[in-house]
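Asks: Sequence:
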Amino acid sequence: MKITAPDNIRAAFARAAKGKGRMASVQKFAANLDANLENVRRLLLEKTYRTSPYTRKKVFEPKERELFVLPFAPDRIVHHALMNVLAPIWAGLFISDSYACIPGRGVHSGSRRTMEFVRKNRYALKCDVSKFYPSIDHAVLLSIIERKIKCPDTLWLIREIVASVGGGKNAPIGNYTSQWFGNLYMNELDTYAKTVLGCRNYIRYNDDFCVFHDDKKFLHDRREKIGEFLSVKLKLSFSCADVFPVSRGVDFLGYRHFDNYILCRKSTAKRVKKRLEKLPGLLARGGITAEQFRSSVGSTWGWLKHANSHNLAVAVKFDELRKEAQNHEQIFGVRGGRHAAHGREKGRAGDDFGEANNRPEVQD
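When we follow my numbering, the leftmost residue of the sequence shown carries the number 12, and every step to the right adds one.
To be clear, the hints were calculated from the coordinates, so they are not data collected in a lab.
A couple of the hints might just be wrong.
In silico DSBU-like cross-links for lysine-lysine, where the CA-CA straight-line distance does not exceed 35 Å [unchecked claim]:
1) Lys-69 with Lys-58
2) Lys-205 with Lys-159
3) Lys-277 with Lys-246
4) Lys-137 with Lys-68
5) Lys-285 with Lys-29
6) Lys-137 with Lys-227
7) Lys-142 with Lys-244
8) Lys-131 with Lys-228
9) Lys-227 with Lys-31
All chains, please: the whole structure from these sequences, using the hints.
Replies: As structure tokens, then:
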């Protein structure tokens, strides 16, 4: 089985450890790396691997969620070993307009595609699934996976991971495998919407998806049929499912999309503004490292530059933060002094948006 190949186990360790080199658990594992990797491999070969107990914690931004945390070893390494093999196969199954956790796709490419749909349609159906990951049904998920995978050894490991949380439902937020399980789960809806319902202008990111059309009645009909499919086939339900004119703006992927410009979502902007205001003080007190400061400013830049964000950038004094980050190290990969969004005007944002394809980007 490719999953247990020594090179794959080693690559899984490297991916699981990326950015976590200071963690005591990672350092302890790496101190006797070859022997520890062989132990992980033996657990899989002998089918004695069992998921460790989860540590649960709640987070409250942007909304209350329960995170499930597993130890670095063996669990996170095992999850990466599994997905190193499965991810390239599963990615080929997804429709081209699914944008979550697929290499080469992400928020910004999904936003660009959303703009295409906004510009050529009059109405949108925007839907969100209620408590998506906690609602994923284990039996339904396994039935989907078993249609795609026939290797009994691989299925043994998948069943162990899926059932590890108990209760018959939930793909735990925090597991690396869950984003892939969730994508495969919702791919059933993607296929149904595109091939059966004829939703040509359809786009999805995790459990949020939109359908665009010129006929409002078409979208109301599809809302009913999609809701029935979610309920009967996937044991899911809507948290919202609204039909509205695109002229109102389509709030999707953290941005509000209009036909000739994009704005940052108000709730996200408020949260980012609050976080950025704290950064200089945290850095001065040693609450964060210079690298964390640079990373936070850099990720904000990656978000701001894809929208008409001049006023927001001024409000958070982003140029000052950027200069402070550049005093530590140049991280933005762009030339020139001013924030790119500063030069945009509302009327010509559609043109600027298209140019974003040629700008260096923070990875999605």
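Asks: Tell me, in ascending order, the numbers of any earlier hints that this structure violates.
Replies: Of the numbered hints, just 9 does not hold.
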